[in-house]
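K.L.:
Each chain, letter by letter, is given below.
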Amino acid sequence: MSLKPSPRDWQRAIADARQGLSAWHVWNLLAMTDIRQRYKRSRVGPFWITLSMAAFVGGIGLVYSTLFKQDIRTYLPYLAVNYVVWTLIQGIIMDATGVFSSSGVYLRQEAMPKTLFAMRLIMRNLIMFAHNIIIIPLVFLLFGIWPDWEMLLAIPGMIMLLVAAYPVVMLIGMISTRFRDTPVIIQNVLQIAFFLTPIMWKVDQLGSAAPFVVGLNPFAIFLRIVAEPMNGRAPSLWTWGVAFLMIALLYAVTGPLFARLRARIVYWL
Amino acid sequence: MASIILENACVEFPIYNARGRSIRRNLMARVGGSVAADGDVVSVNALKNVNLRLTNGDRLGLLGHNGAGKSTLLRVLSGAYEPSSGSAEIQGAVSSLLDITMGMDPEMSGAENIVLRGAIIGMTIPEARERIPEIAEFAEIGDFLDLPMRTYSSGMNMRLAFAISTAIRPDILLMDELISVGDAAFASKARQRVQELIASAGILVLASHDPKSLLEYCTRGIVMEHGQIAFDGPIEEAIVRHGMEIPEMKKETSAVSGA
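Going line by line, the protein sequences match chains A and B. First residue of the first sequence? That's 1 in the working numbering, and the numbers climb one at a time after it. First residue of the second sequence? That's 1 in the working numbering, and the numbers climb one at a time after it.
Hints listed in this document are in silico derivations from the structure and should not be mistaken for laboratory results. Only a predicted model underlies this, so the values are computations on that prediction, with no experimental measurement involved. Just so you know, even glycine gets a beta-carbon here, dropped at the ideal spot from N, CA and C. A hint or two may mislead.
Said to hold, decoys possible - Cβ-to-Cβ under 8 Å is the rule here; a few derived chain A residues that face chain B:
| no. | residue |
| --- | --- |
| 1 | His25 |
| 2 | Val26 |
| 3 | Thr33 |
| 4 | Lys40 |
| 5 | Gln109 |
| 6 | Ala263 |
| 7 | Tyr267 |
To be verified - Simulated restraints, written as ranges between beta carbons of each label pair:
| no. | chain 1 | residue 1 | chain 2 | residue 2 | range |
| --- | --- | --- | --- | --- | --- |
| 8 | B | Ala93 | A | Ala209 | 54 to 64 Å |
| 9 | B | Thr124 | A | Val44 | 24 to 34 Å |
| 10 | B | Asp143 | A | Asp181 | 44 to 54 Å |
| 11 | B | Gly122 | A | Ile192 | 54 to 64 Å |
| 12 | B | Gly67 | A | Phe212 | 51 to 61 Å |
| 13 | A | Leu206 | B | Val44 | 23 to 33 Å |
| 14 | A | Asn188 | B | Asn56 | 49 to 59 Å |
| 15 | A | Val63 | B | Val44 | 50 to 60 Å |
Starting from the given sequences, assemble the full structure and let the hints guide the process.
P.N.:
Here it is in structure tokens:
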């Protein structure tokens, strides 16, 4: 089987992406439904997301600030920002493994655009992110951190993260539908990535090894592009540059693959 | 303007066993040479070289034994399955009443489900919201509208699913057996709704084992055998060819004569 898409494949893939994007009301609604369904009949509802995040950050913040001999007044806000952004990245990647297999009911029966389900997934994770991010201003208020202008750089960072998330979801979704071991592999990669990414520790603690662990680690790049400004520091030019390159690479790989395999996804379900 | 053109459409399902779907197996095959390289991918030919042209006004009946490819063909016509080889060009809004409960969520209320399902089948959200009362009234769910669907009786469930699914007027209507829902009173109301849908649809494709409904709604018939079209012609001949008898019936005037 050749992996080269025909012009017709391209045409249909582009139509799929266009229809997927323009059906925003559908993926928006599906994402809201996902969240509502998860917390239906619960008193606190989706704010369980916020509460469990607060509990984690509070607990780990206390323990690790002692362990790393860090001042809790700087460590806890740092951890809170990083962990909130990491949860978004991790959530998108983990959910991506089931993006098509969990939508089989729709895909097998109607000609719905495949990309619509990627948008639904990203939207759902954004809603969770919106619940999590509530704790950041609270933590900042608690430790008396005053916001500065650098924080605005988190917005372009967030846009970059979402632009990258789209091909990631499609790519992981396709591979996971075809090869059923992928979700487990990805789960393991994420577990290791959590420790190799500066979420709980700081880059300067790493010393001379830092450029190797952080400089090209895609998780670290996309984490820092959002989290660093929120921590009051502009990301380095290197971080921006690598992020751009990674996005270009992701689209260059996923585009043709999606064009070629789009119609096959339903057959693998 | 609705039209469907299938040219040499084949649907071939690869059946990967557990090994075929694992990356290890795939890597091994690449690393360790070609030991039984494609020995474990079995494929099922659900459709073979199907050629079909349908235009506005066509009323097609699908006949065939179980497993002959009727459902697969319906899914190709809906656009969900794109042929693994050959082509399928489908123009017009398709409504497939194959699984009318698709996308409904038992935890959500009837009203929420109307909006959700409505959006999936092509309504805008304001439009879906606006039509909640009308759909609920048709489904006769009364005060249950704002309760979660898990509290519904199975009859209410089906009535609501039916009311939503038939709330839009498609260009192309696909059905797997005529839907019959509810008690006698509702069934006649539902029947009338289906007839209206059929009358307004450009193309109807009805898969059925019931010669009576095939004769009533269809003019052309296809007999499927082993994933291929074994016969294509007038519905009466298709029914005979399929080995069924043409039932005695009065020609009902409600029968549809093209849109």
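K.L.:
For every hint, state whether the structure bears it out.
P.N.:
How the hints compare with the structure:
1. His25: Interface hint status for histidine 25 (chain A): holds (5 Å vs cutoff 8 Å).
2. Val26: Holds. Min distance 5 Å.
3. Thr33: Result: holds, 6 Å to nearest chain B Cβ.
4. Lys40: holds (5 Å)
5. Gln109: holds (5 Å)
6. Ala263: holds (4 Å)
7. Tyr267: holds (6 Å)
8. B:Ala93 with A:Ala209: 54 to 64 Å: holds (59 Å)
9. B:Thr124 with A:Val44: 24 to 34 Å: holds (32 Å)
10. B:Asp143 with A:Asp181: 44 to 54 Å: For aspartate 143 (chain B) and aspartate 181 (chain A) the Cβ distance comes to about 49 Å; the hint holds.
11. B:Gly122 with A:Ile192: 54 to 64 Å: Violated: the Cβ-Cβ distance is about 44 Å, outside 54 to 64 Å.
12. B:Gly67 with A:Phe212: 51 to 61 Å: Holds - the Cβ-Cβ distance for glycine 67 (chain B) and phenylalanine 212 (chain A), about 58 Å, lies within 51 to 61 Å.
13. A:Leu206 with B:Val44: 23 to 33 Å: Since the Cβ atoms of leucine 206 (chain A) and valine 44 (chain B) sit about 54 Å apart, the hinted range of 23 to 33 Å is violated.
14. A:Asn188 with B:Asn56: 49 to 59 Å: This hint holds: roughly 55 Å between Cβ atoms.
15. A:Val63 with B:Val44: 50 to 60 Å: Given a distance of about 55 Å, which is inside 50 to 60 Å, the answer is holds.
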